[in-house]
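One line per chain: the protein sequences are Y and D, in this order.
To convert, count from 1 in the first sequence and add 18; that's the numbering used here.
To convert, count from 1 in the second sequence and add 1252; that's the numbering used here.
Hints are not guaranteed to be accurate.
Calculated cross-link-like contacts (lysine-lysine; reagent style DSS-like; alpha-carbon spacing at most 25 Å) [said to hold, decoys possible]:
| no. | chain 1 | residue 1 | chain 2 | residue 2 |
| --- | --- | --- | --- | --- |
| 1 | D | LYS1544 | D | LYS1312 |
| 2 | D | LYS1319 | D | LYS1613 |
| 3 | D | LYS1491 | Y | LYS292 |
| 4 | D | LYS1319 | D | LYS1666 |
| 5 | D | LYS1366 | D | LYS1613 |
| 6 | Y | LYS94 | D | LYS1366 |
| 7 | D | LYS1389 | Y | LYS164 |
| 8 | Y | LYS164 | D | LYS1666 |
| 9 | D | LYS1369 | Y | LYS164 |
| 10 | D | LYS1280 | D | LYS1303 |
| 11 | D | LYS1544 | Y | LYS94 |
| 12 | D | LYS1312 | D | LYS1345 |
| 13 | D | LYS1319 | D | LYS1296 |
| 14 | Y | LYS94 | D | LYS1389 |
| 15 | D | LYS1280 | Y | LYS292 |
| 16 | Y | LYS148 | D | LYS1280 |
| 17 | D | LYS1296 | D | LYS1552 |
| 18 | D | LYS1666 | Y | LYS292 |
| 19 | D | LYS1437 | Y | LYS148 |
| 20 | D | LYS1666 | Y | LYS94 |
| 21 | D | LYS1280 | Y | LYS94 |
| 22 | D | LYS1613 | D | LYS1312 |
| 23 | Y | LYS148 | D | LYS1456 |
| 24 | D | LYS1366 | Y | LYS292 |
| 25 | D | LYS1552 | Y | LYS292 |
| 26 | Y | LYS292 | D | LYS1369 |
| 27 | D | LYS1417 | D | LYS1503 |
| 28 | Y | LYS174 | D | LYS1417 |
| 29 | D | LYS1366 | Y | LYS164 |
| 30 | D | LYS1389 | D | LYS1544 |
| 31 | D | LYS1501 | D | LYS1596 |
| 32 | Y | LYS174 | D | LYS1636 |
| 33 | D | LYS1345 | Y | LYS174 |
| 34 | D | LYS1319 | Y | LYS292 |
| 35 | D | LYS1446 | D | LYS1662 |
| 36 | Y | LYS148 | D | LYS1369 |
| 37 | D | LYS1636 | D | LYS1491 |
| 38 | D | LYS1662 | D | LYS1417 |
Just so you know, the hints here were simulated from the structure itself, not pulled from any lab data.
So the chains spell out like this:
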Amino acid sequence: MKKIKDYLPWIVYFVFFLGILVVNPGTHYIHLVARIIIFSLYAVAFNLLYGTTGLVSFGHALFYGIGAYITGMLVKATSPELFLLYIVLGAVGSAFVSFFIGLLTLRLTGIYFTMLTLAFAQLVWGLTFKLYHFTGGDDGIQAIAKPEILAGGVTKYYLFSFIVVTICIYILWRIRRSPFGTVLNSIRQNPQRVTFLGLNVYKNQLKAFVISAFFAGIAGGLYAGLDGSIHPDMLHWPTSGNAILMATIGGMGTFFGPVVGAGILTGLEEVVGKYTEYWSFYIGVVVLIVVLLFPNGVLGIRKFSSSKNNEEKETEVVCNSGN
Amino acid sequence: MKHRLISLLIIAAILIPFTIVQAAETIKIGALYTMTGRGGQYGKDSEVAIKIALDEVNAKGLPGGAKLDVIITDDKNPQYAVSVAKRYITDEKCKFLFGIISTAIGLAVTEVSKEHKVIFVGTDHAGTDLTANKFQKYYFRSSNNTFQSMMAGAYYLKDEVKNWKKIAYIGPDYAYGRDQWMELKWGLDKLGVKYQVVGEYWPKLYEPDYTSYITAIIKAAPDILVNGMWGGDTVAFIKQAKPYGLFSKMKYFHVDAGGNYEALAGLGADMPAGIIMSARHHNNWPETPANKTYVEKFYKAAGRYPSYAAEGAYVGVHMVAEAIRKVGNANDTEALVKAMEGMKIPCPEDPQGFTSYIDPKTHQIVQIQAIGTTVKNDKFPPAKYMLGNFKVYPADKLWPSFEYIDYMTKVKGK
Chain Y
19 MKKIKDYLPW IVYFVFFLGI LVVNPGTHYI HLVARIIIFS LYAVAFNLLY GTTGLVSFGH
79 ALFYGIGAYI TGMLVKATSP ELFLLYIVLG AVGSAFVSFF IGLLTLRLTG IYFTMLTLAF
139 AQLVWGLTFK LYHFTGGDDG IQAIAKPEIL AGGVTKYYLF SFIVVTICIY ILWRIRRSPF
199 GTVLNSIRQN PQRVTFLGLN VYKNQLKAFV ISAFFAGIAG GLYAGLDGSI HPDMLHWPTS
259 GNAILMATIG GMGTFFGPVV GAGILTGLEE VVGKYTEYWS FYIGVVVLIV VLLFPNGVLG
319 IRKFSSSKNN EEKETEVVCN SGN
Chain D
1253 MKHRLISLLI IAAILIPFTI VQAAETIKIG ALYTMTGRGG QYGKDSEVAI KIALDEVNAK
1313 GLPGGAKLDV IITDDKNPQY AVSVAKRYIT DEKCKFLFGI ISTAIGLAVT EVSKEHKVIF
1373 VGTDHAGTDL TANKFQKYYF RSSNNTFQSM MAGAYYLKDE VKNWKKIAYI GPDYAYGRDQ
1433 WMELKWGLDK LGVKYQVVGE YWPKLYEPDY TSYITAIIKA APDILVNGMW GGDTVAFIKQ
1493 AKPYGLFSKM KYFHVDAGGN YEALAGLGAD MPAGIIMSAR HHNNWPETPA NKTYVEKFYK
1553 AAGRYPSYAA EGAYVGVHMV AEAIRKVGNA NDTEALVKAM EGMKIPCPED PQGFTSYIDP
1613 KTHQIVQIQA IGTTVKNDKF PPAKYMLGNF KVYPADKLWP SFEYIDYMTK VKGK
């Protein structure tokens, strides 16, 4: 019985993302769900840091953007036939950059870590904006072709994205349930205790940072192929903010919460944006409601009443306050 | 029998008009504009102009009694704009994509237009790329590109400004600012003007404080300062440069967006007299009935005078309507493209005896450019200065320039 309960989110995941193909609501909605599934990977990857390790990075757009730019620029420079390889190279590029940024930023905790990640992301965003002969500047890069096998209709690309994202999410799921995932959880709850157990907090945080950046890079590369265009906004702080919003709305304490958050935020943007230019106001209201009424997010409602005892909560607050 | 006949007549009387109403098709145009933030005024002005144009077009009539309608969505960023453009085509069944303030978003949406083979009428973004190195056959533009402004500017500097050699440039550090400078220099070189660049300054877009740039420019002492800013940046720069006496130390030259009504109104009495400016539309030039009527209609509808963005949207709706009239329907995209190529389209900014037209090879509207200097004029409040002393540059001298397109393709790629 426990087994079925454990796999229930996966069942819902498959039913929703494959069911959309059976229902076939039209090209636009398949494109919309393709965006949701790609953002899901971005948010789940981010949540490995945020929800699991307790690190609030406000610069995750950097890794999403690097993945997108490496993939897009390689396709433009060569041919789209090696698209999948370029996505992987984009992710490797993100991981490579994250390693050095992580080396510096993870020396700090709390708000200092958050601000430093924001600073690095804004720095690269500024460079992307300025180096317009190389990156296309604010115009970005367009006409990023897909390989022939994925061209012609959004359904093929949706299926491709679904397969890639599902594999990635599965890997992240396994990581979270592995001993390494338990260490990350422990770091979130009480880093001092982890140190006393003989484990290196810094090294484990760095590993989580690089893994998270790697998968965010894959999401960026996938998005470059979906729209066929990339632009500096992908590296800008609102994109980092979106990752935090998705995880918070869906439930940062749950593995699938960010997937739900990605669906809610993208769907809301779509629906509200259709009727009013003041879409951000309504999104703000929803976030406010979620934060005030469901502090553990939509999927965290169930956990809210039962899980953490007061001692555990207090320990987390103290350990992550940066003091 | 008699009762039955009367009943049938009543039913027919009810159903026939209903059937006619049902038969009249609504042709949807899917527009994207920046409706909030710094560029929001351009979107709001475009919205007003679209309503005016729709009233005119629908009053004149379209084939089969069809009506034209425009849906507007805030474009936010390229990622979101692409998604909305796709929704317009596949879900809302829009026959045309329309609008867009930012060139970056225009470049992203032109790919959607190309992929789905749907006509995209760009009404405000001015990046030359879209009708040059990034041209695709379903894209048309109803307002001039930056090359047309800067080429006219090069002619102005050659013919109207005497005894100058040193030139400096300040413009926002992104493609729009960079391209204007590249285009002006190309135009000056082409015209054989000898000049010396004594400074290039690249503040970021929406920079709040230009003091360091202003002092550096004064120190460099150019004969001419070219400015490539737009909107609130123009207002802020001029307000901050005035106390330093910058405008009396050098000629100030700002010809793509400097003379936009938005800046004239924003500066009011702070606008220096005699500085060289232009815009893609002028509320006080040409003094033709068409321009006066357009400006009056806009004022009546909005309670304010239009910025240049409005004219592009107004002309764009008329372009679409004219193409539908020529083809007889809005379903044959290839025929609509053919109909728009070379189409003559009267614009409020056309002086007597000239009609703007769409260049068949690049799909860029070809228009006369007028460059003027600021003079006292309070007929369009809250502006206290408007442009006057206009010098007019023939449309065909400005576009197309295939030599420049080749150059741009070499520099920026396809």
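Indices of hints not satisfied (ascending):
2, 3, 4, 11, 16, 18, 21, 22, 25, 28, 30, 31, 32, 36, 38
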